[in-house]
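2 protein chains.
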Amino acid sequence: MLKRYILTPGPTPISEEVLLEHARPLLHHRSPEFSKIFVEVTEKLKKLLKTKNDVFILTASGTGAMEAAVTNSFSTGDKVLVANAGNFGERFKKISKKFNLNVISLDYEWGEIVNPDDIKKSLDENPDIKGVMLQFSETSTGALNDIKTIGSIVKKYPAIFIVDAISGIGASDLRTDEWSLDIVIGGSQKALSAPTGVAFMSISAKAWKLIEKSNMPRFYFDILSAREALLRTPPQTPWTPGISIIVAMNKALDMLFEESLKKAFERHRVLAKATQKAVEALGLELLVKDESKRGYSVTSVKVPENIDGKKLTDIMRIKYGVTIAGGQGKLKGKIFRIGHLGYFGMFDTITAISALEMALNELGFKFEAGSGITEAEKVFIENNYLN
Amino acid sequence: MLKRYILTPGPTPISEEVLLEHARPLLHHRSPEFSKIFVEVTEKLKKLLKTKNDVFILTASGTGAMEAAVTNSFSTGDKVLVANAGNFGERFKKISKKFNLNVISLDYEWGEIVNPDDIKKSLDENPDIKGVMLQFSETSTGALNDIKTIGSIVKKYPAIFIVDAISGIGASDLRTDEWSLDIVIGGSQKALSAPTGVAFMSISAKAWKLIEKSNMPRFYFDILSAREALLRTPPQTPWTPGISIIVAMNKALDMLFEESLKKAFERHRVLAKATQKAVEALGLELLVKDESKRGYSVTSVKVPENIDGKKLTDIMRIKYGVTIAGGQGKLKGKIFRIGHLGYFGMFDTITAISALEMALNELGFKFEAGSGITEAEKVFIENNYLN
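Order-wise, the sequence lines are chains A and S. This note's numbering puts the first residue of the first sequence at 1, with every later residue one more than the last. This note's numbering puts the first residue of the second sequence at 1, with every later residue one more than the last.
What the hints contain is simulated information worked out from the structure, not anything from laboratory work. Incorrect hints may have been included.
The list treats identical chains as one, so a pair stands whether inside a single copy or across any two.
Lysine-lysine pairs mimicking PhoX-like chemistry, simulated, CA-CA at most 25 Å apart [said to hold, decoys possible]:
1. Lys310 x Lys36
2. Lys36 x Lys319
3. Lys94 x Lys213
4. Lys378 x Lys262
5. Lys36 x Lys3
6. Lys36 x Lys311
7. Lys98 x Lys47
8. Lys289 x Lys148
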């Protein structure tokens, strides 16, 4: 028997309660019974995003929603600003270029965060920028951008602010309306801990004005079609949605609100801290050096010299059943990433660190046995996590 | 207690076995364990489509795959031929126009099928047509196009042949390679009887040549990215896929092959015939008059005069728990549609007809009580269906 643990930043562990909802016989997507759930999930997503803006559910991965944000908001040739400090920042650049936008990019070291002053400077120098795009939590590094400050800057310009909050929302506090965020993107498979395959996005009044003028060709991801379908009786999606995923999200959102968002953010903060203190105790180096720049969703750790990163994660997965993530893009082989996101408790972190210790030991890395676990436990105790 | 039955042409009833697979804890989409299943499903889909062509799995509804076929195959301004005899034919037209193609359309009465001679004539008159698009089973009417004959025509021209087989594949025989079909599109939620949210498409060598030249902007549905991701170790999708749906499809495909495609087609043929004979015995009129033009997936029935179609389907759903489908587009309110597709047996058809009889009775429609059921049973007995 090899008991398996998914300790990655998406998909995340899913509760038995949510899996059982996911396995219910499907309702028809045009029936009032499904429509009721669909409307409920939409309202709950507004609560999660802290917004009164419209929210739309798309049957696609988060990348589909990133494309939807771009193709609905802009017109061919529009100037946009992409601030990029990782693999998903790169993705916004790639999507924008594919759809023939005029892309200005602010490129940072991976592991760094975006400097709000740079955003202000770019907007001052380019008053014709139509949109600013960046990540809340950059999943490829674990860094968390200061969306609040950047929001307070962008709102003074004609540009809209598009935030990919896929791996951050639900783990760290994000306030769509209070921070003036025009489009916020999330996914089913991260802090929500529902199955993969559904994404969602909120749209502000400022964004609607651009959307109504956009000339970009689009069909499946057309938000105007989605808005029209929401006005039907009963409210629905324009195309067949991922019914069983939306039903699972409904349960997952209930569980999150039962815990309360405030407690969920605190849980993620402590899990992140425990993970980070533990790997440092093992003598490993974190990718995001400055603690204030680290998010609560995932911790990126540099692969130590003389250790083969792929071998490390392979041993953990094949021998111990513990799946963590490797590096993406140019960090491939150079870091590994431990999730602490979603339906995730203290002992999931203990499991991750324990498997890491055993694999490091097998690869001949020198460290004090048990020191990671000991440090993690200390963080949990100090934070009254056991109460 | 109100026991519920989904007897629509998608989503279709899902077996307990498939629902339980669907509810398994998620594998990580970059793990060799998921990759193995993903490759298996891809191979099984080739068997279903009767093709040696490449097959790709997309996380989206069938409409997403229809868009993918268009945006990957063509370049802006290309001339395409859409043969349209229903709501989904209209959809191919809308998508093609959205993406600025030069659309020639052959429009038929809804309930009719496409005349292969018209296709030949259009291709002769327009030798610059790059692609021909139409449905196998037109879900909005239940008519089944003669894809074999049209395939034998299109293959002699430079145009590629794109077939939306979403509601037909698995219910009626379709032979991708033997019939020279360049792109064939299917979905998870029809005859496969897996949950909604995943689509798939096969691509021939002739189609690849167009795809490699296409200048259409696309990202999420880019098949070249999907092809590249398949070549990685282990093979994977470019973006996070609908993991639990693909795992469910794996089981659903096993069940279909265990029955054998041949027997599944025969089962669908008999279910369709029983449904059609039953509604005719009740004095109702079928939308597709000519039996040879009817597919095996869904039966469209005209709403009788003086009966409110919405009231009829509402009574069936609310009072009896039996969900059938109404008309779409311009047939809304004029027809209702009874599915006989997927994980569907004799007694599902008996249930549909029985609920229909009781609802018609309630609405004061005159017919001989029990005559529909009696006729359906006769068809099952005549076809040795009970053996």
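Here's how the hints hold up against the structure:
In this assembly of identical chains, the alpha carbons of Lys310 and Lys36 lie at most 25 Å apart only when taken from different copies (19 Å versus 46 Å within one copy). Taking identical chains as interchangeable, the C-alpha atoms of Lys36 and Lys319 lie at most 25 Å apart only when they sit on different chains, with a minimum of 18 Å there against 45 Å within one chain. In this assembly of identical chains, the alpha carbons of Lys94 and Lys213 lie at most 25 Å apart whether taken from the same copy (23 Å) or from different copies (19 Å). Taking CA atoms no more than 25 Å apart as the test, Lys378 paired with Lys262 passes inside one copy only; the shortest distance there is 22 Å, against 64 Å between copies.
In this homomeric assembly, Lys36 and Lys3 come within 25 Å of each other (Cα to Cα) only across copies, at 19 Å, whereas the closest approach inside a single copy is 37 Å. Taking identical chains as interchangeable, the C-alpha atoms of Lys36 and Lys311 lie at most 25 Å apart only when they sit on different chains, with a minimum of 20 Å there against 48 Å within one chain. In this homomeric assembly, Lys98 and Lys47 never come within 25 Å of each other (Cα to Cα): the closest approach is 33 Å inside a single copy and 34 Å across copies. For the identical chains of this complex, Lys289 and Lys148 are intra-copy neighbours only, at 21 Å inside a copy versus 63 Å across copies, given an alpha-carbon limit of 25 Å.
Checked against the numbered hints above, the structure violates only hint 7.
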